[in-house]
Structures are given as C-alpha cells and as structure tokens.
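Protein chains in written order, with our numbering: chain U, 1 to 494; chain F, 1 to 273.
Worth flagging that the hints you see were computed from the coordinates, not collected in a lab.
No residue lacks a Cβ here, since even glycine has one placed at the ideal position from N, Cα and C.
It is possible that some hints are incorrect.
Using 30 Å as the maximum straight-line C-alpha spacing, the simulated DSSO-like pairs for lysine-lysine come out as follows [what the hints assert, rightly or not]:
id, chain 1, residue 1, chain 2, residue 2
1, F, Lys-259, F, Lys-246
2, F, Lys-213, F, Lys-175
3, F, Lys-151, F, Lys-20
4, F, Lys-43, F, Lys-208
5, F, Lys-231, U, Lys-64
6, F, Lys-172, F, Lys-23
7, U, Lys-64, F, Lys-208
8, U, Lys-354, F, Lys-151
9, U, Lys-64, F, Lys-151
10, F, Lys-151, F, Lys-81
11, U, Lys-454, U, Lys-482
12, F, Lys-259, F, Lys-172
The calculated label-pair distances, taken between Cβ atoms and stated as ranges, are [claimed, not checked]:
id, chain 1, residue 1, chain 2, residue 2, range
13, F, Gln-205, U, Phe-140, 23 to 31 Å
14, F, Asp-232, U, Pro-127, 53 to 61 Å
15, U, Ser-369, F, His-167, 37 to 45 Å
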Amino acid sequence: MASVGFIGAVAVAPTALPSSRSAFVSATRPVVGVAAPPAVGAARATMMTPPPPGGAAASPASLKTDTVEGVALTASEPQNIADTVYDATVPDARGRYGRFGGQYVPETLMFALEELEAGYAAAIADPAFHEEVNGLLKDFVGRPTPLYFAERLTQHYARADGSGPRIWFKREDLNHTGAHKINNSVMQAVLAKRLGKTRIIAETGAGQHGVATATVCARFGMECEVYMGAQDMERQALNVFRMRLLGARVIPVTAGAGTLSNALSEAIRDWVTRPVETHYIVGSVAGPHPYPYIVRQAHAVIGAETRGQAVAKFGGAPDILIACVGGGSNAIGLFHEFKGDADVRLIGVEAAGKGLDSGEHAATMSRGSLGVLHGSMSYQLQDEWGQLQETHSVSAGLDYPSVGPEHSFMKDTGRCEYVSVTDDEALDAFKLCSRLEGIIPALETAHALAHLDKLCPEVEGNPNIVINLSGRGDKDVNTVVKLFHERGDTDVMG
Amino acid sequence: MIINIYINFFMTTISSVFKKLDKQCALIPFITAGDPNLVSTSKALEILDQHGADIIELGLPYSDPLADGPVIQAASSRALKQGINLNNILDMIKMTSSNIVAPIVLFTYYNPVLNLGINNFISAISNAGVKGLLIPDLPIEESDYIISVCKLFNIELILLLAPTSSHERIIKIVKQAPGCIYLVSTTGVTGQKSELTAQLRMLTQTIKEMTHKSIILGFGISTMEQIEEIKDWDINGIVIGSAFVKRLSCSFPDEGLSKIKDFCTAAKRIIIS
Chain U
1 MASVGFIGAV
11 AVAPTALPSS
21 RSAFVSATRP
31 VVGVAAPPAV
41 GAARATMMTP
51 PPPGGAAASP
61 ASLKTDTVEG
71 VALTASEPQN
81 IADTVYDATV
91 PDARGRYGRF
101 GGQYVPETLM
111 FALEELEAGY
121 AAAIADPAFH
131 EEVNGLLKDF
141 VGRPTPLYFA
151 ERLTQHYARA
161 DGSGPRIWFK
171 REDLNHTGAH
181 KINNSVMQAV
191 LAKRLGKTRI
201 IAETGAGQHG
211 VATATVCARF
221 GMECEVYMGA
231 QDMERQALNV
241 FRMRLLGARV
251 IPVTAGAGTL
261 SNALSEAIRD
271 WVTRPVETHY
281 IVGSVAGPHP
291 YPYIVRQAHA
301 VIGAETRGQA
311 VAKFGGAPDI
321 LIACVGGGSN
331 AIGLFHEFKG
341 DADVRLIGVE
351 AAGKGLDSGE
361 HAATMSRGSL
371 GVLHGSMSYQ
381 LQDEWGQLQE
391 THSVSAGLDY
401 PSVGPEHSFM
411 KDTGRCEYVS
421 VTDDEALDAF
431 KLCSRLEGII
441 PALETAHALA
451 HLDKLCPEVE
461 GNPNIVINLS
471 GRGDKDVNTV
481 VKLFHERGDT
491 DVMG
Chain F
1 MIINIYINFF
11 MTTISSVFKK
21 LDKQCALIPF
31 ITAGDPNLVS
41 TSKALEILDQ
51 HGADIIELGL
61 PYSDPLADGP
71 VIQAASSRAL
81 KQGINLNNIL
91 DMIKMTSSNI
101 VAPIVLFTYY
111 NPVLNLGINN
121 FISAISNAGV
131 KGLLIPDLPI
141 EESDYIISVC
151 KLFNIELILL
161 LAPTSSHERI
171 IKIVKQAPGC
181 IYLVSTTGVT
191 GQKSELTAQL
201 RMLTQTIKEM
211 THKSIILGFG
221 ISTMEQIEEI
231 KDWDINGIVI
241 GSAFVKRLSC
251 SFPDEGLSKI
261 KDFCTAAKRI
271 IIS
C-alpha cells in the first residue's frame, strides 16, 4: 500500500443519474404537486394530538415508495450499492473506502480539509518530517513497544493436553501517556506546526486522546483545548486532571448524552468557527477525509513493528489479530500492515454494553445501518428516522454511535470480522488480565481480551494470536471500583 | 387531478419570489419544526407569511446538528424529545403550505435523507408542498445525484458558499447551483454574532459578476442593525434564524408567536425602508 494513495488520481466512476422521474416512480404514488388535497379536518385532528412522548407517531414506511409494486427504488441510489470485493489500496482520491468515507461537512470547512490534505501530502514527501516524527516516537513516546508473550493467559486457554493458541500482547499501553493515541497526536502536532497553526483542539472520550494531545501541546508550546462529554469527565476524572495539569483547557460538552459523539460535534463546531488558526487533531479513524487516512497512517507503526517482532519471536506473521473498535484507530493501526495478507484473520471487538438487545450498547457493526455522521459515510447506530441513537458502554472510548469508514468497508467485503462483548464480559477480562499477567488493561482493551473466551475454544492447532493491548487501565480504576461493588465481586472488593 | 395541476401551476416557487421582488431583498425567517410544538409551527408559518416573510426556511430537527449554534441545537433537541418525526412534520406542511404564499425551504442534515432513501425523501417533501431544500453537510462533490432527483420533483436545491471557499470551489458551486446560492456570512455555526466584513461584501460582488443566480445571505444575522447594513448589498435575500427560534421557543407558545410577529414585521419594515 503506497502511503500516498489518496493523492493519486484515482477517478471515481460517475454514478448513473436518474434521467426521468418515471425511471423510478412510474409504479408508485403520484408525487408532484399537492396531490389529493389533504382532508383538512382529519389532518388537523391528527396534528392537534401530540405525538406520544419519546416514541415515533408513525413509521417511515408510510413515506417509503421503495417497496411499492416490487420496484427497487432506493437500491439503485449510489450509497446503496454495496461493495463486495476487498481492495487493500483504499482510500481513493476522494477519500472513499468503497462507498464509505468522503467529506460530508459544511462548506465552511472544505478549505480546511483541502489545506490539511495538501499539507499532509507535502509533509510525507519531506524526509525532515519523518525524521522529526520518528525521533519523537522513539525518545518521547518510547517506541518501539514490545510484543509480549502472555504466558499465563496462554496457559489459561490451553487445552487439556497443553496445546492451544499462543497469545501475544502488542504493548501499546507502554507508550508515554499509556495508550496508542499518542502516535497520532505526535504526528499531527508536527503537521500542525508545519501548517503554521497556533491553536490545537481535540475531542476525547476516555480521555486518552485528550491527554495525548495535551501532552504534545505542552511539548510544543501550543494552545490546547479539549472537548469532552460531561458524563465522560465524571467517569474519567483522573484524565481530566492530567489534561489540566498539562496546561490544556477541558471544555465540558453537555449536549446529548454528554459522551464522545457530542464532544466530536462540538470540536467540529469550534473548527468551523475558527478554522484559520486552528488545527483539529481528530483522535480516531473517523471524521471527514483525510482524517481516517492520516490517523491510520500515524498508527500504522503498530502493525509494522508487529510484523518484524513476530518474525523474531515466532518466525512468521501472526495468524489472528484482535483489537477493540470504537472509532477504530488502534484496530486499524494493527491491521493495516496485514490487511493484504489474506491468511491473517482480523477481528474487531465492539462494545455490546448491557447486551445487543438491551438498547444500551455501542455495537455499530452488529446493529448499525448506513448513514453519515461527523463528515463521513459509515455504519451508524440510528433510529428509523435517521436520528443518531444514544449509546452505552462501560468504556468511554468505545461509547460511540459510529465507526471509521475503513472498518465499514472491511465489514462489507468480509475482510475483517466484527464481534461484540458486553460490559460484564469486559469487566471479567479486566480482572483476569490483571491477575494472570500483572497488566491492568484499559476497559476498551478489556473488550478485545474478553473475546478470547469465545475464540480460544473454537480455534484449531496453535495459532499465534496478537491482541493490541491498546491502553493501560489506571484511568478506569474509579469506574471499575463502583462496578465491581455493584456486581458483588468480593474477591476484589474484600 | 386537474385541480392539482392548477394549484401546482400557480404555487409560488423560490425563483419566482426573487423575480417578483426584483431588487428588493427577500426576508427569509428560519424556524425549527416542532419547537415548541407542531401546532405552533403551523401557526408560526402563517404568521410569518402574513407579516413580511417572502420565503420560510423550516429546520428539520436532528440529533446531531453540526452546523447549528446553541439556540437551534436546543430547539432541535426539544422537538425530538416530544417524539416529532418527519411524518408529522410533512403532514403539518401539507396542511399549512396551501394556506400560505411564501414557499417553504426545508433545512435538513443529510443523514435523515439517506436514511429514508434520497428518492423517497425528495418525493415525500415535494408531495407535502416543500419548494426548496438545503442540506448544510452535503458539499457540491456529493450533490450530483440529489440535484438530479430534486429537478424531477421541482425542488430547488440551494447550495452553500462560504467566505473560506477557494476560488475554484466558488466557480464550481456557482456553476452547478440549480437554484439560488446561500452565502454563509460568518465562518461560524449559526447563531454566532460576528462582524459582517468588507471581505464578505466583496465576495457577493465577485459572485454577482459570475452569475445571475440569486444570492441569499445567512448564518449569524440577528439584529436590525445588521439587516440595515446588508439590505443594500445587491443580494436577493437575508436568512434570519436563531433570532426567530429564540423568540418562538418561550414557555408560552402564544407569547412566542406574538414575539415573532413583531420581529418579522420590524425586519420587513427595515428592508423596505
């Protein structure tokens, strides 16, 4: 995969446009004009009756003509033509991953995206940029991170005869600030400096991206403002303090549920308002193009290191890669290097919260549908009217109703499997990893670990499984104490 | 059927409004559908129509209104909390649009359109009597398909231009705009006060030299002083959003309606003075 893929002139085939209304409405109801004047009395009566609180008064089916007389109307619309063939060279010149991605932002922001795209292309063509970023990754962040053999966890999942999968951790938790997030913040801060930006903004969920960004801003002497959901500020109080200590201003976002999605919207609003002097460091492989691309490139170091380390440790490529997926940055970081290796199995783990059927989860891939959020076409958790749904996960970093567009593309084309893990399963894995490996994982990471419970009994032979240990769990201790207490985990609570 | 065609033929379109007003600036109030409730929205449309509005922009409440400031965000979320959906809103428009002269422009984010299906959405709003459509998060690059569908259903898709748009983008947008061009008057989200700069005035001149298409100006216009300043800019319309939404969304709906009546009347008086 050429790292300059998105600036290559890959033309997108123009979508066939409807040439006449009859092409898709001939078999449907009349559409133009004030067809059948409304029965005023009846309609007025309907309107005077307030809709039931919290519930939709009618289903969108009544507005849909797509199923009438068997004529497939919406199927022919450009966004509904599904991708079936995986292509490892995405995105194309327009920032598309198949039908996903793109730039769905107010016109006000288009210039800033163009500027960023051009600035990034110039930066990666300049050896001095790579030298500066790599120097910081080595001495400031502490890369490379180890590929660690999780011996006791391997024993835990071994079969009776001692055989079984061999479990390895890619130790992103050992990075400065305790998670993979800083790979991206470092790269984008250097980029912002090159673009002449004086002010950095970021959104954060669990606070890891906010801390990483506040850290690099302190290092570079840049003004830093971090948008964070009010609910997340409460459950990640330690990270809020860390950001403030590092000199950042943390701005609480009270809109909606007060979580990551709301923080992201608010950060975009800030950027729309002050685009000239501000660089927005998006923390995941989400948002409008080129963000999903440049954030992926920043984290690709995770997989690239793993490739070499795997050869050194077990003489080949891993068989299975597992990572948790909220927006999906740590997963893409690990997977990118291997996505062209057809024999490497990729598994993304989402948050099933209180269960997929509870209505309180963040499992976008399992329960989402196509839509546009935060500038990008991808899968979204939305209601029947296209309103984004509030999500729930015990882990603030996975509490997001959307997912990066490249993940949606990998799902559609079958390149990556997406599974989900509940709050409870994640908490069990949190405890297990702490006890067996002496590593307290982030709650996000605990979701990836929890999937071992389902995966290990199913696999044959002795495959090498690499889990992206994306972050450490110190930040989650307050949350976990409360939850263990509620669950009655007496072994921990004493 | 004949009656329908007859009604349709004489319905006011967006372009016909600008044509009729000639050099005079159109007054375009924006309100959020369903805030404080749909009955009020219906009454508000009639009141605005009777007190000086030439076109009315109606916002579809959305869970994630990226381009809106706090006032319209709050109005959106209040409307959604009542369980109001597109179906209710279109029923209301269907009933009200035949009682008013001012054509309705629907303002919606792209996701609800995608969710229903582009064809379904455009056909449904056209059926309800909507005349124009504005999708703030749909850039020109992604608009080809929807422009073609809108044309088939006699909906004018209004494209946005920003002070930050590059010259290449300005040329592209001006050329491809099927209807009027909505010039964003600040770099901010709606509802934020900002100086209306000389740069903006120059930009309107630049666009005027490129095209005969109508230009409307909006985002951040909230005071009579601002209206006074820009009404002589040789533009075709002024959109006023948050100022109306704020007045309408007070705890007593009738009080809100009376407030927007006064505000609309006053704004119109300034424009025609």
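Results for each hint:
no. : hint                              : verdict
1   : F/Lys-259 / F/Lys-246             : holds, 10 Å
2   : F/Lys-213 / F/Lys-175             : holds, 9 Å
3   : F/Lys-151 / F/Lys-20              : holds, 22 Å
4   : F/Lys-43 / F/Lys-208              : violated, 36 Å
5   : F/Lys-231 / U/Lys-64              : violated, 42 Å
6   : F/Lys-172 / F/Lys-23              : holds, 25 Å
7   : U/Lys-64 / F/Lys-208              : violated, 40 Å
8   : U/Lys-354 / F/Lys-151             : violated, 46 Å
9   : U/Lys-64 / F/Lys-151              : holds, 19 Å
10  : F/Lys-151 / F/Lys-81              : violated, 34 Å
11  : U/Lys-454 / U/Lys-482             : holds, 26 Å
12  : F/Lys-259 / F/Lys-172             : violated, 40 Å
13  : F/Gln-205 / U/Phe-140: 23 to 31 Å : violated, 50 Å
14  : F/Asp-232 / U/Pro-127: 53 to 61 Å : holds, 55 Å
15  : U/Ser-369 / F/His-167: 37 to 45 Å : holds, 39 Å
Consistency with the previously given hints fails for numbers 4, 5, 7, 8, 10, 12, 13, ordered from lowest to highest.
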